[in-house]
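> Sequence:
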Amino acid sequence: MLAKPLFGLLLAATAIAPALAQTTDNTGRPPAEEYQRGYAATPMPNQEAINAAGAPATAALNNQVAATSQANSDANATDAAANQAQYEADRAAYMDALVQHDRAVNRTDARYVRQQNAYADAMRVWRAQVYACKHGHPSACKAPTPNPADFY
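No gaps in the numbering here: position 28 of the sequence shown is 30 in our numbering, and each next residue is one more.
Relax, there's no trap hidden among the hints.
Ranges of calculated distance between the beta carbons of each label pair, as one might list FRET restraints:
no. : residue 1 : residue 2 : range
1   : H103      : N65       : 53 to 63 Å
2   : A55       : A91       : 53 to 63 Å
3   : E35       : Y89       : 52 to 62 Å
4   : A62       : A91       : 37 to 47 Å
5   : N65       : V101      : 48 to 58 Å
6   : A84       : R113      : 39 to 49 Å
7   : K144      : Q117      : 23 to 33 Å
8   : D76       : M97       : 28 to 38 Å
9   : W128      : A106      : 28 to 38 Å
10  : A73       : I52       : 23 to 33 Å
11  : Q88       : A55       : 49 to 59 Å
12  : E90       : R129      : 55 to 65 Å
Keep in mind the hints are simulated off the structure, nothing from the lab. Values in this document were obtained by computation on a predicted structure and should not be read as measured data. From the three backbone atoms N, C-alpha and C, an ideal C-beta is built for every residue, glycine too.
Please work from the sequences and hints to get the whole structure.
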């Protein structure tokens, strides 16, 4: 029979726990203790009158800040549009420079290929000339060495 009174006591404690929990803040201390420690201040008795007297000045300052903020936002939007236009112009200039560079590289590559082919052709003619010279053709021995520029 001892279990029933114990169970009833636990039930009563769980009903009281939420009420106790609401009297404390997130630190677990009651508001009176927070005030004693200096963490929370109780409102002054004439706080409402002070707030009412300062309301027009506060509203004017808030309006001034809102107007300044809006002006800054508008200026930033204008700057952003100008920056975007400059970015697009820079990007287009870069792409043009890249195309010109690619053309120059392609011209250089094509010239290199022509030079290599001219050198290979001159070497082929020179080898034929040496072969003819070694096999008894004196005119081949007296002929000048082929110039790759002639094959370019």
